[in-house]
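*Asks:* Top to bottom, those sequences are chains A and B. Remember, this note's numbering sits 2 above the position in the first sequence when you count from 1. Remember, this note's numbering sits 2 above the position in the second sequence when you count from 1.
Among the clues, some could well be false.
Put simply, identical chains are the same to the list, so a pair is met inside one copy or across any two.
[Unchecked claim] The list that follows gives simulated cross-link-like pairs (lysine-lysine, DSSO-like), each with its CA atoms no further than 30 Å apart: (1) Lys61 / Lys108; (2) Lys34 / Lys116; (3) Lys116 / Lys49; (4) Lys34 / Lys146; (5) Lys65 / Lys34.
These are calculated hints, taken from the structure and not from any lab test.
There are 2 protein chains.
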Amino acid sequence: MRILIDMDEVMADAIQQFLDWYERDFGTRYTKADLHGARLRDIVPEKHRDAVAKYPHQKGFFKDLPLIAHSREVIKELNDQHEVYIASAAMEFEYSLPEKYEWLDKNFPFIHWKRRIFCGDKSVLHADVLIDDHDFNLSVFRGKPVIFSAPHNMEITKYERLHAWPDARAMFNITG
Amino acid sequence: MRILIDMDEVMADAIQQFLDWYERDFGTRYTKADLHGARLRDIVPEKHRDAVAKYPHQKGFFKDLPLIAHSREVIKELNDQHEVYIASAAMEFEYSLPEKYEWLDKNFPFIHWKRRIFCGDKSVLHADVLIDDHDFNLSVFRGKPVIFSAPHNMEITKYERLHAWPDARAMFNITG
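Isolated chain A (complex conformation):
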């Protein structure tokens, strides 16, 4: 089975970086619990919205993102038994390209360059499954969409849901 896996909020914890940078710049610490069904830019004071929206367009934002829990070991197991591709809508953020590439080299060295995709619109991808946190990616995908739980998407009910990486073992029949 060919499985596409999104990066941000699925493998890499970009929300953590938003919270960290916001605290650095404006002194207030929001938490993931504050974000239920929303993005950080939607809950900060209006005068800070533009600054927050620009964070992922800045150099360094994607460089040292923490791992989503258990992503490395479970994706390694998936990759051993399925055809796993990483598919990130990275093109919106020009400076993210080398940072995301190096991040994969460091954290997922077993994902060969042939299995890495940086794109804009995921409707152009052909695979059996897409695991992603965004409705706008899942809704245009031609295969089976699987939503990966993230603070901003907890209200969405129209896709099969992966709450956390360990649950992928049962979903994709990973044998130990």
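Let chain A serve as the given structure and place chain B on it in line with the hints.
*Replies:* Using the frame of chain A, we list chain B on its own:
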């Protein structure tokens, strides 16, 4: 119609860069005519082969590539009447990612980031047509493959062939 267009040897003249860098490093000027059915690394003295193979892995190689003749104006016309995506197997060359992105911004600013794809293996792409110079990309593509003439592929007869960009107007029914 959704049309994928490869970059190197289709939009960007990477062969010219190989010939230029080889002359810079080893003093001999090869020409495109010398390359009929071969790559530069296949015709240089054996002791220079590794150096030539490493050129595209070096910073700067993809930065200022000249345009393939008429690519800009014809791709602009195609883009006005079809759904054009740029699909480059850039992942093999880590440093090429920002260089290729900036090259597109400079030379093809009308190609929105949503329509740009950097990948490894083109079997993962879904579209009606792929215009590419390499058999290994065309042979795994699920839609209609169209080979774009390049010195190294002139012997291949199994695909419909685009000899030069102006011929694309008739192939894709571009109306002026």
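*Asks:* A separate judgement is required for each hint: does it hold in the structure or not?
*Replies:* Status of each hint after checking the structure:
no.: 1; hint: Lys61 / Lys108; in the structure: both (18 Å within a copy, 20 Å between copies)
no.: 2; hint: Lys34 / Lys116; in the structure: between (34 Å within a copy, 29 Å between copies)
no.: 3; hint: Lys116 / Lys49; in the structure: between (43 Å within a copy, 28 Å between copies)
no.: 4; hint: Lys34 / Lys146; in the structure: within (28 Å within a copy, 46 Å between copies)
no.: 5; hint: Lys65 / Lys34; in the structure: within (20 Å within a copy, 40 Å between copies)
When held up to the earlier numbered hints, the structure conflicts with none and fits them all.
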